[in-house]
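Chain B: place on chain A using the hints.
So the sequences go chain by chain: A and B.
Residue numbering for the first sequence follows the working numbering, starting at 1 and increasing by one per position.
Residue numbering for the second sequence follows the working numbering, starting at 1001 and increasing by one per position.
Please keep in mind that the hints were generated in silico from the structure rather than gathered at the bench.
Quick caveat, the model's predicted, so the values are computed rather than measured.
Possibly wrong hints are sitting among the right ones.
Computed beta-carbon distance windows for the label pairs [to be verified]: (1) A:413 <-> B:1161: 26 to 34 Å; (2) A:354 <-> B:1123: 32 to 40 Å; (3) A:354 <-> B:1299: 35 to 43 Å; (4) A:92 <-> B:1243: 27 to 35 Å; (5) A:176 <-> B:1123: 41 to 49 Å; (6) B:1182 <-> A:344: 16 to 24 Å; (7) B:1118 <-> A:324: 21 to 29 Å; (8) B:1243 <-> A:68: 56 to 64 Å; (9) A:431 <-> B:1182: 33 to 41 Å; (10) B:1118 <-> A:262: 49 to 57 Å; (11) B:1123 <-> A:103: 30 to 38 Å.
Beta carbons are placed, not taken as given, at the ideal position from N, Cα and C, and that holds for glycine.
Chain by chain, the residues run as shown.
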Amino acid sequence: MTLLRMSGVDKRFGQVAALEGVDFDLEAGEVHALVGENGAGKSTLMKILAGVQPPDAGGMTLADRPVRFASVTEAQAHGVVMVYQELALVPTLSVAENLFLGKLPPLVGYGALYQRARDLLAQVELDLDPAGEVGRLGIGEKQLVEIARALAREGRILVLDEPTAALSASESGRLFDIIAKVKASGVAMVYISHRLEEVFRVADRVTVLRDGRHVGTRQVADTTADEIVQLMVGKSVRRYQRAPRTTGTALGRFAAAGPGLAPVTIALEAGEVVGLAGVIGSGRERILPTLFGLEGTASWAGRPVRSPRDAIRQGIVLVPSDRKTQGLVLELTVQENVSLATLPQLQRFGFMQAGREREQTRQWIRLLSLRPPEPHKPVRELSGGNQQKVVVAKALATEPKVLLLDEPTRGVDVGARAELYDVIDGLSARGLGLLLSSSDTEELTGLSDRILVFRGGRVIAELHPPFAYEEVVAHVTGARQLA
Amino acid sequence: MSPARVNWREVFARFGLVMALLALIVALSLLSDRFLTPSNVVNVLRQISINAIIACGMTVVIIGRGIDLSVGSLLALTGVVGAGLAVGGLPAGLAVLAAMALGTALGTFNGLFVAYAGIAPFIVTLAGLTIFRGAALAYTDGRPITGLPSLFMTLGYGTFLGLPVPIWIMLAFLLVTHVILRFTALGRAIYAIGGNEEAARLSGIPVRRVQAFTFAYSGLAAALAAMVLTGRLNSAQPSAGVMFELDAIAAVVVGGTSLFGGRGGVFGTLVGALIIGVINNGMNLLNVPSFYQQIVKGGVILGALLIERLVATRRT
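Chain A on its own, in the form it takes in the complex (with noise of 0.2 Å):
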């Protein structure tokens, strides 16, 4: 019986249409999983039939019956109940309330509650104490306490976004367990993963989205890894090639383990680009950080790196992942923003140089040509591909040797993206030596001298160009595997 439809969904984003014409359906009781490139629609899929986005057009139908959700509550009274990848629980809150979290009764009767909590952990065979506080729970025992509470709203269909990202081996074998028995008592769940195995291990029917366009949907037990792969990937057009360089020069040797991360070396050329790629929880995204001195431990051509005042020190700088957060201070100009890592070389006796603070600015705006093209506006105000263009303006300004670019495209247009690419490139003419971590495998692809894929917390391959599209993306999901 089909439970859910969605048909004809289109969405647009400005100029950018994320979603054309995509139809998807749910059977009551399956898994179906929901599989594409970055960029590729499946989340924004996901936001609309869970009520956080309208489409522009197309419907749905549940159980026969059209409907429209305005709002996530609306959809979750529906039974459509979405499982964040970022978890949405509070940590000071028992197990027992965080599952009834905004249905809790006006007077909490705690053994009463206690009782109700037992009873649905019972149901998904998690043996966690209620009343125990959930900030204690590792991060395994937290999603599945947000499945847990899923289910406590009554879901008929649950969406879970990448559920394993940061789960070990262990507690994703348990995760898949528990989806079993989920689906045993009739729910429906739509499953995005970037894993392929787990997509063979835990779906009954896999879709693919690309482009923003479905391009099939296949039986699990039909299909293979490969063919996934290549309804994935398409006949991709490059729009960005950059010529691989090697000057045989070289530069120096990372060192670097961590937590969720093996101890792995990089030899670096200059001039080289080193592509890192992996799924979230591969340790790829821990690799820069962990280099910049941020956690775990890590070394430079033989000397330890401490802290991000060391690495800035030895000639390390780091464009992290979330601009926001960790790049930009949003209050200060422009000119500000750019100082910040170079504070030392523009003050004389604990003094600003005014003049030389303007001429290195001014420098930044028109070598990256930022817009506007204003020094003393807030970076608050520049559109995303700016206000990148500032983060890599400030990391330049130190003068680096090793450039660490952590998703340096991440939400910028595809205008700024291509400067962003020139850029690059002109800086390994220069000379520099650049790591670049991306889930964007065209970037990857497009960019790198040659791509180190991780998996499980360690290099399991080292592709060189020409870089087989294909390949790559069969790596990172472990397709590769599979076969």
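Just chain B now, with coordinates in the frame of chain A:
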């Protein structure tokens, strides 16, 4: 849109405070002919000088997203120690310097706990509030110290170019604080840390050292204020400065510095201190009973923050 059109919201956001102060002055000069006289203006400035000096240090701390509740007690302790040293025979100038060094050291003590032990500034300085008060009482056995050398009288009652010395000290300290905040690398680092500590750290700024400095500076400010107050009273009281931290915080926030850090400045704080001082003075001239004065003062603080909030939310 005509080019001459005035963006009132922008004007209000930038000059609203000064406009509020001017409106107050106009209103009070209509209500009392004793208000806008040269001697009363000097009087107001002298009355606010101690609060304004403390509030300068507080501004630095708050811009760095901290708070310093210990300043009132710190003022008492540095006051009695400075006076005690002077009475005990140390040359008066050295006693004053020693008191200021002690203030800086005690501020640093707060700062180290905040920056390196990671304890919330509210808690650290709340502890400082009782520790320093207790130390002041213990040092003096609860009694005021009198019989001070003449330097203290000069600090409290002297004049220079026709203006009382406390006003000169206030203006000089305002200027120094302004220069630090606006023209030094350190000042820039304070704004950056208050605005986004993580981004500051990733930019290689020595976040903890800078945080510790802000508290040290606040300690210095409180000790300087202690010297002026000791001069005004011609004695050092271990019970001096009770609740001064609240007056200083009020001047800072009324002056437009954000309690969330990263925004504000010392001239706003001066205007904030003036607004509070003018209201106090005006109510005295109008013979408003002191119980009601407190209510009005609290109302003004709330009103100023409400207006700032409205302007801020409209902007975003």
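Hint by hint, here is what the structure shows:
1. A:413 <-> B:1161: 26 to 34 Å: violated (60 Å)
2. A:354 <-> B:1123: 32 to 40 Å: holds (39 Å)
3. A:354 <-> B:1299: 35 to 43 Å: Hint holds: Cβ distance 42 Å, inside 35 to 43 Å.
4. A:92 <-> B:1243: 27 to 35 Å: holds (33 Å)
5. A:176 <-> B:1123: 41 to 49 Å: holds (45 Å)
6. B:1182 <-> A:344: 16 to 24 Å: holds (18 Å)
7. B:1118 <-> A:324: 21 to 29 Å: holds (24 Å)
8. B:1243 <-> A:68: 56 to 64 Å: Given a distance of about 58 Å, which is inside 56 to 64 Å, the answer is holds.
9. A:431 <-> B:1182: 33 to 41 Å: Check passed, 38 Å falls within 33 to 41 Å.
10. B:1118 <-> A:262: 49 to 57 Å: violated (30 Å)
11. B:1123 <-> A:103: 30 to 38 Å: holds (35 Å)
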